[in-house]
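Let the sequences and hints guide you as you build the complete structure.
Now for the letters of each chain:
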Amino acid sequence: SQQGEEDPQALSIQEGENATMNCSYKTSINNLQWYRQNSGRGLVHLILIRSNEREKHSGRLRVTLDTSKKSSSLLITASRAADTASYFCATTGTASKLTFGTGTRLQVTL
Amino acid sequence: ETGVTQTPRHLVMGMTNKKSLKCEQHLGHNAMYWYKQSAKKPLELMFVYNFKEQTENNSVPSRFSPECPNSSHLFLHLHTLQPEDSALYLCASSQDRPKLFFGSGTQLSVL
Chain A
3 SQQGEEDPQA LSIQEGENAT MNCSYKTSIN NLQWYRQNSG RGLVHLILIR SNEREKHSGR
63 LRVTLDTSKK SSSLLITASR AADTASYFCA TTGTASKLTF GTGTRLQVTL
Chain B
19 ETGVTQTPRH LVMGMTNKKS LKCEQHLGHN AMYWYKQSAK KPLELMFVYN FKEQTENNSV
79 PSRFSPECPN SSHLFLHLHT LQPEDSALYL CASSQDRPKL FFGSGTQLSV L
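Sequences listed follow chains A and B, in order.
Under the working numbering, the first residue of the first sequence is numbered 3, with each subsequent residue one higher.
Under the working numbering, the first residue of the second sequence is numbered 19, with each subsequent residue one higher.
What the hints contain is simulated information worked out from the structure, not anything from laboratory work.
Computed from a prediction, not measured in an experiment: that's the story for all the values here.
Heads up, the beta-carbon is just placed ideally off N, CA and C, and yes, glycines get one too.
Treat the hints with care, since some could be wrong.
Listed below are several chain B residues computed to face chain A (Cβ distance under 7 angstroms; list not exhaustive) [as the list claims (entries may be wrong)]:
1) 61
2) 121
3) 122
4) 123
Covered stretches of chain A (chain B as the covering partner; in silico rule of three or more C-beta atoms under 8 angstroms from a C-beta of chain B) [unchecked claim]:
5) 39-53
6) 92-104
DSBU-like, lysine-lysine: derived pairs with alpha carbons at most 35 angstroms apart [unchecked claim]:
7) A/72 - B/58
8) B/59 - A/58
9) B/36 - B/54
10) B/59 - B/36
11) B/70 - B/117
12) B/54 - A/99
13) A/99 - B/58
14) B/54 - A/28
What follows is the structure, encoded as structure tokens:
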């Protein structure tokens, strides 16, 4: 069964606003990653949060993890047009299997 | 650039053709992967190689044949593909998982 599911599927905001994307998963994980993909390109790793961590920051990115709710969120603050991309969560389960979600398409307009 | 190079970037082939996708990583990683990305579907892991040895084959049809001659190079040989095989094929590498470094992909169209 699919492990990571992002919500919403698509998000459109204006430049300067914050963007929040959510990821839910079904089984226990060792860690969760967020990746970014520009149209027609490969995925780029953004941040990894381990199962014993609750929050992590990297520049304008803030990731939270709630293992009791089996969910994670990615917050991009002060968004820019260059942030327009698809964002994927990927979970690593106890068997070291990495599973990607279907992604959130973020559109940041000027 | 992520250090993972894929060629070609685009490929159009007929169902009777034979073609190969190439991936090269310059990061010194010990694992390489092939993923398939279709519209509105999660990334599908196809094959995994660790130190040139295939460690995973996720029930991929035999018309896809991987080859890993060394830890830096990975190929995906294609023959008698179907239109539903049209997708973005992504190569990735890692050093002891879980963080993956992806190439830019090959956009494949099967006519």
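Verification of the hints:
At a threshold of 7 angstroms, the smallest CB-CB gap from residue 61 of chain B to chain A is about 4 angstroms, leaving the interface hint in force. At about 5 angstroms, the closest approach between the beta carbon of residue 121 of chain B and any beta carbon in chain A falls short of 7 angstroms, and the interface hint on this residue holds. Nearest Cβ of chain A to the Cβ of residue 122 of chain B: about 5 angstroms, under the 7 angstroms cut. The hint holds. About 5 angstroms separates the beta-carbon of residue 123 of chain B from the nearest beta-carbon of chain A, less than 7 angstroms, and the hint is met.
Using a Cβ-Cβ cut-off of 8 angstroms, 7 residues of the region 39-53 of chain A lie near chain B, which meets the minimum of three, so the contact claim holds. Proximity of the region 92-104 of chain A to chain B, defined as three or more residues with a beta carbon under 8 angstroms from a beta carbon of that chain, is established by the 8 residues found. With a C-alpha separation of about 23 angstroms, the suggested pairing of residue 72 of chain A with residue 58 of chain B holds against the 35 angstroms cut-off. This hinted pair checks out: residue 59 of chain B and residue 58 of chain A have alpha carbons roughly 28 angstroms apart, not beyond 35 angstroms.
Taking the CA atoms of residue 36 of chain B and residue 54 of chain B, the gap is about 18 angstroms. The hint holds against a cut of 35 angstroms. Straight-line distance between C-alpha atoms of residue 59 of chain B and residue 36 of chain B comes to about 26 angstroms, which keeps the hinted pair within the 35 angstroms bound. Among the hinted pairs, residue 70 of chain B with residue 117 of chain B is consistent with the structure: their alpha-carbon atoms are about 19 angstroms apart, no more than 35 angstroms. Taking the CA atoms of residue 54 of chain B and residue 99 of chain A, the gap is near 16 angstroms; set against the 35 angstroms cutoff, the hint holds.
Distance hint between residue 99 of chain A and residue 58 of chain B is fulfilled; the C-alpha atoms sit about 21 angstroms from each other, no more than 35 angstroms. Using a Cα cut-off of 35 angstroms, the hinted pair residue 54 of chain B and residue 28 of chain A holds, with the two alpha carbons roughly 23 angstroms apart.
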